[in-house]
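S.K.: Spelled out, the chains give:
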Amino acid sequence: MAFLRNTWYCAGWSADVSRTPISKTFLGEPVLMYRTEAGQPVAMSNKCPHRFAPMHLGRLKGDVIECPYHGLQFNTEGRCVHNPQGDGKIPQAAKLQHFPLVERDGTLWIWMGDATLADPNLIIDTHFVVERDRYAVGLGHLLVHANYQLVMDNLLDLTHAPFVHPNTVGGSPEDSLGAGMQVGFEADAVSVTSTYFCADMKPTPQLRPLYPLPTGDLRISMRWQPASSLAMRLSMTPPGQPDGSGVVLPLLHLLTPIDEQTTHYFFALARNVAIDNAEADAGMMAFARAAFEQEDEPMIAACQAQMGTTDLLSLKPVLLSTDVATMKARRHLDALIQQEGR
Amino acid sequence: MAFLRNTWYCAGWSADVSRTPISKTFLGEPVLMYRTEAGQPVAMSNKCPHRFAPMHLGRLKGDVIECPYHGLQFNTEGRCVHNPQGDGKIPQAAKLQHFPLVERDGTLWIWMGDATLADPNLIIDTHFVVERDRYAVGLGHLLVHANYQLVMDNLLDLTHAPFVHPNTVGGSPEDSLGAGMQVGFEADAVSVTSTYFCADMKPTPQLRPLYPLPTGDLRISMRWQPASSLAMRLSMTPPGQPDGSGVVLPLLHLLTPIDEQTTHYFFALARNVAIDNAEADAGMMAFARAAFEQEDEPMIAACQAQMGTTDLLSLKPVLLSTDVATMKARRHLDALIQQEGR
Amino acid sequence: MAFLRNTWYCAGWSADVSRTPISKTFLGEPVLMYRTEAGQPVAMSNKCPHRFAPMHLGRLKGDVIECPYHGLQFNTEGRCVHNPQGDGKIPQAAKLQHFPLVERDGTLWIWMGDATLADPNLIIDTHFVVERDRYAVGLGHLLVHANYQLVMDNLLDLTHAPFVHPNTVGGSPEDSLGAGMQVGFEADAVSVTSTYFCADMKPTPQLRPLYPLPTGDLRISMRWQPASSLAMRLSMTPPGQPDGSGVVLPLLHLLTPIDEQTTHYFFALARNVAIDNAEADAGMMAFARAAFEQEDEPMIAACQAQMGTTDLLSLKPVLLSTDVATMKARRHLDALIQQEGR
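Chains as they are written, first to last, in this note's numbering: chain A, 5 to 346; chain B, 5 to 346; chain C, 5 to 346.
Mixed in with the good hints, there may be bad ones.
A pair holds if it fits inside one copy or across any two, identical chains being indistinguishable in the list.
In silico lysine-lysine, DSSO-like type, Cα no more than 30 angstroms apart, as pairs [claimed, not checked]:
| hint | residue 1 | residue 2 |
| --- | --- | --- |
| 1 | 206 | 320 |
| 2 | 332 | 93 |
| 3 | 99 | 65 |
| 4 | 206 | 99 |
| 5 | 320 | 99 |
| 6 | 320 | 332 |
| 7 | 65 | 320 |
| 8 | 206 | 93 |
| 9 | 65 | 332 |
If you are wondering where the hints come from, they were derived from the structure by calculation, not from laboratory data.
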């Protein structure tokens, strides 16, 4: 399976990158990241072109990174600017591949493809992350032992919630499915969205501390954009009241392939109520951790293990009407990957 | 290497399967097992046909099993009987493969091949397991890190006993080989049997608590039937006395491939003396555990590791006269596998 | 990648082999080693030709080794001399491959190729190891998680020392490179040598306890001989004094491939000062362990992991002028391997 390269992937949250060089693997490639003295985050291949040593173990000298093995120095564009050895000559090919890296709304975005196509306007809207007057926000990261497309499938089809998350973000099957969940989907040229509506439903365990009434109208939308960014919005209103008049939770689920079998899962969660409430902060993160780490990840990883391949369709899965959004997104992504390969 | 599919494999002991669904892997396939409300054990593929989730993590609703991921429900024949999602339609292909499972004499037998050929009359005789008036019986299970055919080889050639088991079930080489062990073998259309006779021999450490005399005549037969079921009988009589007049130990060694490199080893041990004796029970199991887990398994696994392949013959092993039974059984099994492949 | 077989590899230090049989893996093959009653070390394949059992788990009966599985006995030439089973016949092919093994200067050398070519005169000079009146000597062993040629590269290009070993055997880049390190290399038909000279340099942390002056002239030579034996000599003299007039440290770095991704690294260290000084002994070994185990090994293993292959040149590394010796040795070795393959 090929990855889509000409797209923005989340490389982490702003706090992840500092003056201490780090390495993270994206699309199979180890990537060096650090901040310049001016605070600019930079990303380059983590493999020294001389002996493939891991650059992030080297020293920063100002904005220049020094290879930890033989001391070659590279600037933030990846150009070798100093060879301390022997005649000191610097071969033309002595370069670290440089990757465009954009920091926006506390989020880092990396472009692993053709740098000339890296248009920051293509980055999805993540503004709520920094609207701290409107939202309390929590950020997290998870390692998923499965192909990123299985995580996309999980997120674009939330009908799993009553079964996988009965005690956290789902609620019991009886409460949600019994409440007559309406599932829909929409697609346009650049996105696929699945939607859920449930009238007069009991709040899920996650919502109870935030929503005081015994029942409410639940609305969820999950919008996927290529390659693997998903923006979610959940609202719970008193029965019959207009959307937005109650609790609103915006979320981000940003997936970056590590390799075909492993995925970075960066998530942001926000709420428009109990904003300055440390207990609510802790509760929101605890529910998210429980749901994503202890419920979703083991289920997705178990499916991957039982599949034994990363190509779902080769196994001829039985498809349900609720798979429309996942299949639409998979076909869209596949077409982009095919097109890029040509 | 292909596995023989149209044959009965041991799937465990009766107590292994209950109202709590479990998964065991046989011939590379994860298999779901549970009991119906009426107590009937059932076996099906553990992979939901929708997203390949592990069914054994789901809930039992009566005799119906619910997928833990999106809630599809399947009956004991593997047919999907409920889809809680969206329009609720059930695709024709929504099935779990159903495997014939027979419970007999406290033993579970599974048929991984063509279900129409699954004739329970083909199951080997294991009646002693439930003859609790005649025998004290112990049951066990072992994981072997080697191909099942290497375990067959181990069992069909017990001349390894003095070297691998001098302090447990073998006795020292001097005591057994010095006693003039006679090794024979018999084969018919459906089985291969190796036999051992040693006159006036010191009892092995395992036999000492059960057999009071200083020497005796030891008789062992080990009967293999395809694919990998071995029934053993050991008798020790006072010198010159007829077979069966002293201690008799019937045993089962039932091998079920997990994959090419790993094997389920189910064993049953029985004795016709000291039947209601808890100390003798504990001793019998302790000797078996020591012999199988700490002596045989490490030796077989070490051979497998040094072979680096599961095809013994491709390594051109040197064969001894004592290999007649193992080679006969291997050729027999290979012919069955070839025939099935056509 | 093929290994050079017709060459001497270090099989360990004399103390490694005793009357307790052991197995070590060289060039992908498990090798049995033990000493005869007369003290002669012997090496044979560790795989019994019957069922590939690990011979080193068997018993020594005099000079004869007994297979731990079925009791075949082999003499020190690898010939089967006893079959305790059945008719007792010994098949012609029942042999353990015998490997020439030479013990010299406390060092064991094994020849994994054509035994008729195993000329002990081809073994490199290691005499200092036993010159205990001239040198204090320490011996060690390290497991390296990388191809042996990456370790060769490390040793034949010591310009990495200031970066990898600033606090142990290297000294800081400023002290050494600033001191105007002169790097040279020499090659002849049977060896490649890299040389280093640094006038009036601060002693490295390792040298400080041994060399009392604030600065000195540092000379290092590192001589590689195929397949992967490296003899090093380091001298530190008062500025301007002749080589040898101060501290002299002879070292051996003897590399034996375990497989393509793992390497035995046997090292010997000696010094001509503070000979009968236990504290100096401990310090010398501590610096070596720190430098080799905690600094070199992780760096080399990290390069190997980032390379993902054992064929360096297929990755088109950028080469520096300081790579002349490493590339010369690699080409020399490659030619020998090619030649042997024909």
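S.K.: Against each hint, give a clear statement of whether it holds in the structure.
M.R.: Against the structure, the hints come out as follows:
1. 206 <-> 320: neither (37 angstroms within a copy, 62 angstroms between copies)
2. 332 <-> 93: between (53 angstroms within a copy, 19 angstroms between copies)
3. 99 <-> 65: within (17 angstroms within a copy, 62 angstroms between copies)
4. 206 <-> 99: For residue 206 and residue 99, the Cα distance exceeds 30 angstroms both inside one copy (58 angstroms) and across copies (33 angstroms).
5. 320 <-> 99: between (44 angstroms within a copy, 12 angstroms between copies)
6. 320 <-> 332: Cα proximity of residue 320 and residue 332: one copy only (16 angstroms, versus 41 angstroms across).
7. 65 <-> 320: Classified as between; 27 angstroms across copies, 54 angstroms inside a copy.
8. 206 <-> 93: between (71 angstroms within a copy, 26 angstroms between copies)
9. 65 <-> 332: Neither: 48 angstroms inside a copy, 33 angstroms across copies.
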